[in-house]
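For the protein sequence lines, the chains are A and B, in the order given.
Just so you know, we're using the working numbering here: the first sequence kicks off at 10 and counts up by one.
Just so you know, we're using the working numbering here: the second sequence kicks off at 10 and counts up by one.
The hints are simulated quantities; they were obtained by calculation from the structure and are not laboratory data.
A portion of the hints provided could be inaccurate.
[Unchecked claim] Derived Cβ-Cβ restraints for the label pairs, each shown as a range: (1) ILE454/A <-> GLU603/B: 47 to 57 Å; (2) THR572/B <-> HIS256/A: 20 to 30 Å; (3) VAL541/B <-> GLU439/A: 50 to 60 Å.
[To be verified] Covered stretches of chain A, as calculated for chain B (at least 3 residues, CB under 8 Å): (4) 20–31; (5) 45–52; (6) 78–86; (7) 158–167; (8) 202–212; (9) 215–225; (10) 313–327.
Cβ atoms here follow ideal geometry from the backbone N, Cα and C, with glycine treated the same way.
Protein chains: 2
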Amino acid sequence: MDKQTKAQLENALIRRFFVAPSFEIYGGIAGLFDLGPAGTQIRQNLISAWRNHFVVADDLLEVQCTCLVPEQVLVASGHVAKFADLMVKDVKTGECFRADKIIEDQLQKKIDTEKDSSLKNEMQIAFNQIDGMNETDTYQIMKKFNITSDAGNELSQPFPFNLMFQTSIGPSSQSKAYLRPETAQGIFMNFKRGFEQARQQLPFGIAQIGTAFRNEIAPRNGLLRVREFEQAEIEYFIQNREQKCKHIEDVLDLKVNLFSADQQLSNHQMTEQITIKDALQQKIISHEHLAYFMGKTYQFLTSVGVDPAKIRFRQHLPKQLAHYAKDCWDIDCLLYCGWTEIVGIADRSAYDLQVHSKATGQDLSAFIKYDAPVQKEVYTAKAVMKVLAKEMKQQAQQFKVAIEAASQEDYARIQKEIDETGKFIINGAELSKEMIQLQKAVQSIHGETITPIVIEPSFGIGRIIYTILEHSFYMRENDEQRTVFKFNPLIAPFKMAVISLMVKDELEAVTGQIIKQMRKAGVSCKGDDSGVQIGKKYARFDEIGIPYIATVDYDTLKDETVTLRERDSMKQVRVKITELEQIINKLINGMPFEEVK
Amino acid sequence: MDKQTKAQLENALIRRFFVAPSFEIYGGIAGLFDLGPAGTQIRQNLISAWRNHFVVADDLLEVQCTCLVPEQVLVASGHVAKFADLMVKDVKTGECFRADKIIEDQLQKKIDTEKDSSLKNEMQIAFNQIDGMNETDTYQIMKKFNITSDAGNELSQPFPFNLMFQTSIGPSSQSKAYLRPETAQGIFMNFKRGFEQARQQLPFGIAQIGTAFRNEIAPRNGLLRVREFEQAEIEYFIQNREQKCKHIEDVLDLKVNLFSADQQLSNHQMTEQITIKDALQQKIISHEHLAYFMGKTYQFLTSVGVDPAKIRFRQHLPKQLAHYAKDCWDIDCLLYCGWTEIVGIADRSAYDLQVHSKATGQDLSAFIKYDAPVQKEVYTAKAVMKVLAKEMKQQAQQFKVAIEAASQEDYARIQKEIDETGKFIINGAELSKEMIQLQKAVQSIHGETITPIVIEPSFGIGRIIYTILEHSFYMRENDEQRTVFKFNPLIAPFKMAVISLMVKDELEAVTGQIIKQMRKAGVSCKGDDSGVQIGKKYARFDEIGIPYIATVDYDTLKDETVTLRERDSMKQVRVKITELEQIINKLINGMPFEEVK
Chain A
10 MDKQTKAQLE NALIRRFFVA PSFEIYGGIA GLFDLGPAGT QIRQNLISAW
60 RNHFVVADDL LEVQCTCLVP EQVLVASGHV AKFADLMVKD VKTGECFRAD
110 KIIEDQLQKK IDTEKDSSLK NEMQIAFNQI DGMNETDTYQ IMKKFNITSD
160 AGNELSQPFP FNLMFQTSIG PSSQSKAYLR PETAQGIFMN FKRGFEQARQ
210 QLPFGIAQIG TAFRNEIAPR NGLLRVREFE QAEIEYFIQN REQKCKHIED
260 VLDLKVNLFS ADQQLSNHQM TEQITIKDAL QQKIISHEHL AYFMGKTYQF
310 LTSVGVDPAK IRFRQHLPKQ LAHYAKDCWD IDCLLYCGWT EIVGIADRSA
360 YDLQVHSKAT GQDLSAFIKY DAPVQKEVYT AKAVMKVLAK EMKQQAQQFK
410 VAIEAASQED YARIQKEIDE TGKFIINGAE LSKEMIQLQK AVQSIHGETI
460 TPIVIEPSFG IGRIIYTILE HSFYMRENDE QRTVFKFNPL IAPFKMAVIS
510 LMVKDELEAV TGQIIKQMRK AGVSCKGDDS GVQIGKKYAR FDEIGIPYIA
560 TVDYDTLKDE TVTLRERDSM KQVRVKITEL EQIINKLING MPFEEVK
Chain B
10 MDKQTKAQLE NALIRRFFVA PSFEIYGGIA GLFDLGPAGT QIRQNLISAW
60 RNHFVVADDL LEVQCTCLVP EQVLVASGHV AKFADLMVKD VKTGECFRAD
110 KIIEDQLQKK IDTEKDSSLK NEMQIAFNQI DGMNETDTYQ IMKKFNITSD
160 AGNELSQPFP FNLMFQTSIG PSSQSKAYLR PETAQGIFMN FKRGFEQARQ
210 QLPFGIAQIG TAFRNEIAPR NGLLRVREFE QAEIEYFIQN REQKCKHIED
260 VLDLKVNLFS ADQQLSNHQM TEQITIKDAL QQKIISHEHL AYFMGKTYQF
310 LTSVGVDPAK IRFRQHLPKQ LAHYAKDCWD IDCLLYCGWT EIVGIADRSA
360 YDLQVHSKAT GQDLSAFIKY DAPVQKEVYT AKAVMKVLAK EMKQQAQQFK
410 VAIEAASQED YARIQKEIDE TGKFIINGAE LSKEMIQLQK AVQSIHGETI
460 TPIVIEPSFG IGRIIYTILE HSFYMRENDE QRTVFKFNPL IAPFKMAVIS
510 LMVKDELEAV TGQIIKQMRK AGVSCKGDDS GVQIGKKYAR FDEIGIPYIA
560 TVDYDTLKDE TVTLRERDSM KQVRVKITEL EQIINKLING MPFEEVK
């Protein structure tokens, strides 16, 4: 997309009210945007498609949790301590910047103009690593490449700024709370209830679509970096990374662009076209469930109108991974502003369930029943109180507990010590073998208790909408003033328009009836009874990406047919009014326009 | 609904995860609830139905605004000063109560036990007026009827507690903001852009579905009084109250229960069954647009499963109206806990647009073009500078501006003064007639500038969901353990289930295929391959209100048909697998089960 097209896109988005700055009449607030009617309908269609593609198709459990989150939950999850971006301040003006963004901006410019290819390469490798870098490394990069504020002034050392919005709940204002920075935590809160509904079988998944809030330091980049945004997240709980994925076959043959950690560290910007099957075999993607959601996401994005040639999967570098995460892939899309993350798929390990279990004392584990019981040698131990009481006096009871509550590993060690020395050590004290009755017996083990590992596909709804807008926008050939969105009919904000060839009462009456009938059938349908030429009306509908326009003319009054026009091909076909609803519904669900008769 | 049924309902809602207390593993937070899978899907279906019934059918402009609202917006709207509930404190324990709720609770008990019919009547009238009462009147009622804290202690005088959650935006934490207490304000922010998209014609409407937040003092009543909730609101802008409503015919013949202000003040609890047409003619409902949305709301609620016999329209008492509101009707539904507001329809006059226009200096008016220009006598005035300069010296310019910018009313007054005295008064000074050239001429007036009046239907999504749950819940005859939700298929969280008659591999293979096929078609479909009896499986599906169950048996392997069972009638019919998708879709869209063949 060139600069001029980008400007025309932005103009169209505001002028036709896809989107508007929030509180515009009050001068606006950085990082807050409202969706207008076209934007809202696209969002709605996108969410419906997502729900069908993930929730319905894979029978996920969808939940709806609150935006308000009490402090203790986010202390446990680590957000209160660590959910921060590095901030730098212009030492002269006090202006705040997000460290990674200002470095990226300036480094990109340096890369573009640098002649020395080895230096250029060094800069590119630095560029690839900035995201998620710690304070020290960030400061080093700032110094090395001489990063300054936008005004050219010196910058402070980077320091963390917590991105959560704070508030308090209740009349006493003593219950600190935050607006959720991600929807995921609400899902973990409901793990137990979800697991029950899944009849306590793994794998199972819980999904949530909802608003999240991040108090961005200095949001720019319009719709791509905002302070209030919508996520669609899945937490998919699996037994272990070896567990097979039931539907993996559905995605194995997909060919996708991978940009692995190795590639990022070794060269510039190359991605590799590879099937998911090969990527799994070559261990580039670490396991099946991760691969499944990567493939499923690719299918989803392309089905809603993201350009397949502009999608890449970028693996997180080891340093960028959250300390609990095992592997993580961003799905980046190529936009005017460069490659931009719009989905992330992370293997979060068992971290979240474990920390919340620890903080609450609640059991958030799953009992995995074996297909058949496993025979296993197991130690049982009993303290011999007569001997213990005599030797250890008041401490006897305490040693009894220690002996009888020890682990299988401890018993194995104790057995070994007794075999070798006739004594054993427990709680730091040396006891004689007469104090314990230790036996080994074969038992049937029916299963084991584990904390499930979780795979998290996380979608930024607003970013996907923006990507669709950029990838759908074009200008009619030979007419730069005439802009069109080539939304696919499923995503198009309004499905059709009905107009009269000329604004005459006898035609408008029929037009009005058809509109009312279509709307009653749930088809969002626009009209236009203004006095302008029909070509101008077509252009108005093109601007908001309406895929089909039915025109009522004088023949309609005779034979009850209308002309149906397709947006991109501009092909027209004559159809019966009585069949219009059915035809439109078929078109929305994927029937090619050529098949309309 | 009796007490036992209510207990069983609550049990079913939690056990089958329609809903759960938020942060339950952390002990929960009063007034916050999560929706589980069944609740989330009902919500989704309800919102879709709402969108079709209001947004698509009436071509409203739907927007999506932010939850974060900067302080100045809510100062202008009056929320910072006035969006409060009256709070009382137990003077001994410090426990906080919402004044109106604690009075209502205790007054209701007194009414129930009071023998003296005149005193009882007095209490009932007081009860009807509590909602929205001011501090003084509330305190009088507290004293008169001896209202105490739950612990029986004395209560403080009532004082206002602002219900908005406060936070701040940006790294400096100097930009105070609130979480929106209603979605309406976001709509007013976008009035101008919406009006443009409506091609500057009145009436037009903007809708929004979104989360709102109220820091309730002491939320009880489970799902009905929560701190974070979803609203669906419409702001419908009209030219004036005489403007005709285009679709009024659609609702005129509806017979509804009205509980007018007059009735509330004159007697106990009587409502009147009346058609919307008669209510309009008798001026009980003050104008057509208000009446239209009342009727449209009644149609909506009954279409999603609210019991028509348990709906009433309660008019706000003059004292309960916000100072800017002209007329307001609550739609109450009868629940276990009594009549409960689930929708409000208010005539907010031009208040909101006017205050935001004043606060921002932005023009939020509409120019109403007359059908034909109107001829009107109009004054024009010019200052005579020669005379002015001589007499008024330095002040001459200032008087020139005052003379030439005066209103038509001023000119009429000036003309009158000149006619009577030869002098006129402007800006507090007396000027002679020689200083002004005042002329009267006939001009063509093409229209006028007005601030539109707004009608606001406001729906509490959570409350409607809860009403549907209560109104749909029943127990199978002769089996009190077997609970059912008779959701209509459009609202039902899951549309169907497919199971095998017995859990055998050859049957399960077919069952699995059908499930996959239905899910792919976007039909949410449950399975159950556990080892329990089929009757138990039916019961499990009844508990979450699944309307249709298809059963695969050995005949299926021969003739590719399954048995389809309807939930409430328990009728069964044999259908072809290939036709299943089409049949289910027709049933969801309203086809009676008897027509399945």
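Now the hints, each set against the structure:
As the Cβ distance of ILE454/A to GLU603/B is approximately 55 Å, the hint placing it in 47 to 57 Å holds. Between THR572/B and HIS256/A the C-beta distance comes to about 28 Å, which sits within the given range of 20 to 30 Å. Remark: the range hint 50 to 60 Å for VAL541/B to GLU439/A is upheld by a beta-carbon distance near 55 Å. Check on the region 20–31 of chain A: 4 of its residues sit with their Cβ under 8 Å from a Cβ of chain B, so the three-residue criterion for coverage holds.
Evaluation of the coverage hint for the region 45–52 of chain A: fulfilled, as 6 residues show C-beta separations to chain B shorter than 8 Å, against a requirement of three. Counting residues of the region 78–86 of chain A whose C-beta lies closer than 8 Å to any C-beta of chain B gives 4; at least three are required, and the coverage claim holds. Look at the region 158–167 of chain A against chain B: 0 of its residues bring a Cβ nearer than 8 Å to a Cβ of that chain, fewer than three, so the hint is violated. Counting residues of the region 202–212 of chain A whose CB lies closer than 8 Å to any CB of chain B gives 5, so the stated coverage by that chain holds, three being the minimum.
A count of 3 residues in the region 215–225 of chain A with a Cβ less than 8 Å from any Cβ of chain B is obtained; the coverage claim is therefore met, three being the minimum. Requiring three or more residues with a Cβ within less than 8 Å of a Cβ of chain B, the coverage given for the region 313–327 of chain A is violated, as only 0 such residues are present.
Hints 7, 10 from the list above are not met by this structure, while the remaining hints are.
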